[in-house]
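Asker: Full structure from sequences and hints, please.
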Amino acid sequence: MSPGEESREAAGGAATATRSPLLQMRGIKKDFLGVHVLHGIDLECAAGEVHAIVGENGAGKSTLMKILAGVYTPSAGEIIIDGTPQKFNHPLEAQQAGVSIIYQEFNLLPDRTVAENVFLGREPKKGFIVDRAKMERDTAKLLHEFAPDDPIAPDELVGRLSVAQQQTVEIAKALSLDSKILVMDEPTASLAAHEVERLFDRVKRLRERGMAILYISHRLKEIFELAQRITVLKDGNKVKTVNADEVTSAELVKLMVGRELDQYFPPRGDPSKRGDVKLRVRGGATEVLSNIDLDIHAGEILGVAGLQGSGRTELARAIFGADPFLEGTVEIDGKPVKINSPKQAIAHGIGFVSEDRKTEGLTLAQSIRDNVALAWRGLARGRRSQLSINVKDLCQAVELRSRGGLGQEVRYLSGGNQQKVVIAKWLATEPQLVIFDEPTRGIDVGAKAGIHDLIRGLANEGVAVLMISSELPEVIGMSDRIIVMRNGQIAGELPAGPTEAEIMFLATGEEDIEAKTEADLAKIQEELSSAGEGGKS
Amino acid sequence: MTTSTPPVAQHPGPAAQGGSQRSAASRFWRALTKTTTGQVYLALIAILVICWAVVAIKGSNLLTIDSITDMLIRSVALGIVAAGQTLVIIGMSLDLSVAWVISLTSIVAAVVMDGSNGNIVPGILAVLAVGAAIGLANGLIITKLRVNPFIATLGVALIIQSIIESNWDGVVEGVAKGFENSLGYSEIGPLPIAVLLLAAVYLAVWFLLRYTRFGHQLYAVGGSEEVSKLSGVRTHRVLITAHVICAVCAAITGLYLASRLGAGSPLVGTDGGYDLESIAAVVLGGTYLLGGRGSVLGTLAGVFILAILDSTFNALEVNAFAKDVVRGVIIIVAVAAYSFRAKGRRVRKIGAGPAATGNAPQTQTQGANA
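As you go down the protein sequences, you meet chains A and B in turn. Residue 1 is where the first sequence starts when you use the working numbering, and the numbers rise one by one after that. Residue 538 is where the second sequence starts when you use the working numbering, and the numbers rise one by one after that.
No lab work stands behind these hints: they were computed from the structure. Values in this document were obtained by computation on a predicted structure and should not be read as measured data. Errors might be hidden in some of the hints.
[What the hints assert, rightly or not] If you only want the chain B side, here are some residues facing chain A, beta carbon under 8 Å, derived:
#: 1; residue: Tyr748
#: 2; residue: Thr749
#: 3; residue: His753
#: 4; residue: Ala757
#: 5; residue: Gly760
#: 6; residue: Ser761
#: 7; residue: Ser765
#: 8; residue: Ser768
From the three backbone atoms N, C-alpha and C, an ideal C-beta is built for every residue, glycine too.
Answerer: Okay, here's the thing in structure tokens:
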């Protein structure tokens, strides 16, 4: 497939028109300690082109871009820029070859000024001293060139700028480095709507200047507005590169998902045995979340899906009182409660198996025994005396196997066993609601099934379970119901066993959620199944 | 209550006003009230007034020419060490070896000068060289061997201590009379030479931080070593340079104390408590202990605050215990105030972020409307 006509024209308009594309990546492979993450990916991007890279979480987008930026070295394959093969051992080398990358987490110093950030490491000098005036003049000029609508003072501290303005500063830094290739990783993830418009404007300007832009995003609407070509990645493979004006969003989603559900999951609960509402949230809102209406029943697993930054973890932390709801009401067993700290949440029988077990779930240097008893020890004395715990029984309940006995430090356990310690820790408090955030992240396939069985076992005993996961198969395979989050709100709810496409549509907000009905879903399904023909959207 | 607050109403739109047109007076006022360093000086003035008043009640005067000169002289030794300490702390490091460097260099001065005025210059050079070498060692251990600065400089301090203790016990005579008379006790006009030395050191460090690449990059390394590295800053070199300058500052203090005492002393550094005291002065001056933020002029104010307290306690003849309690309380209160300020800034930053959900900003605005 040849490069899109539009990109040809755009490149032709600029002085840098060349036959071969500005950037070529060929057969890029990467493995981490024997785990293959990328299986030979080809990618090219012309000067004056916006090339979108899409795929689910874990498809390999970020790894591929980090290879281009010199953060990782590829296990195989080559990178050719402007006809010259490149080998990057360090991000600086990529920078010198003209590649800049703007991460979601900005690489800026909040306590330094805009100009100081833009020229960090390359401060212009006048004799012995730094030429601050020139530095600020040049920065102002750069900023004015591509962001005239949002003036940023070069002497302002970066920490005082809005997120969108900080992003502008990052772009200015890339421009001052004379970058030819710019990678943008989810640039709109943390922007408000009007800021997104501005960003698009800027990206188009950069494109007109002949820059090659690799644009990673989940939001298909943006991709169709900006990109000439789209490369779809899935599980470390390149599925296809397509011209943006030749596909519909439905086709694109189909290319991104459509994976076999090959994993084993424990059988779902019997819907008729579902208990009463254990936790009810109405109108819950925090700085990030809004309009949260939520019921979790005893004995069910409520799955939470959504893209990174959609507010999934924030929801869990709000319920658990770590970053409590600022508005709205919370009821447990029909009684209104106020949960303003994790301690109160625990007292109300809530447990939280957090995303990062190494920093939030366990004290790594202490023994299994101490970790299992940790939450129990934090209970009020009265309740503690009601619940006598036996660490050995708890460990048996979660099928924890440790060769070193209960005195073993948890840092020496495998990921799966560490997770079991966290679960045992919460079992000790006899919880009625357990929140799991990415319960199987970093756990190998065999141990995953064990964790899944434990979660289902809890639900079968009547515990309400809220399970957040970015792995769609896991959410689909485990949940009795699924809510999908987007922009800090609940974008919609799906019954057990939806398709990945249904979730992705809700998560990316392709359709207006308010109008979404069963009929709409059916239509999308239909569209998907006939997507082979490919009509224009 | 649903107060619909205009979204984004008070966003920092600083660019709009632009910095250049402001009058010099308003800029000065802004610098005094809005920056940490400015606030430290306001605090300095407040403390001075309070202390003056308290002493006045007792019937003496804190602000005579003599006692001001005395306070300045008291500030010289601590001030010079603290200037160097400021640099390493801005770079997110620390130097606990300064007290022993001071002791060692005071002895080196005495030994090399050996009582002869002709040896003053070699003596000074030897002291500076010893200081630079120790700073280099500190910097290399921290950057190349990746030892935590706290441990690295503590280790170096122990090494210097044992070198001193195995070679000298008691005062080491030999500081040249000419040196003692010039640096230690002579004056140019109304000002003691030592105070001019203090001013020169602060001017130099201030210039370094503000106008040189080294200064810019030191702030960057302290702010985030990773970001600096990815921007092409040679982070190790910057940090090593900061440590060399810090140790040289300690060595200059050693020279100064040798000239005051007319001798080298194995305990002059640790008796003065210059290690922890210098860190206290830096922190009191508003420099962030975790690096990347701070100013050497703030440190100077911190040193003056400690000197004023000292003089006040002496005038009031308070016992040493009460004195340390008050100093401790002031340092803790100051740092707590800074970290609350820093926290307020972080919250504001998040609040200024995406207003995607269209939520009315929380509590504060509601309270204001009620």
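Asker: Check the structure against each numbered hint from earlier and tell me which ones fail, lowest number first.
Answerer: none
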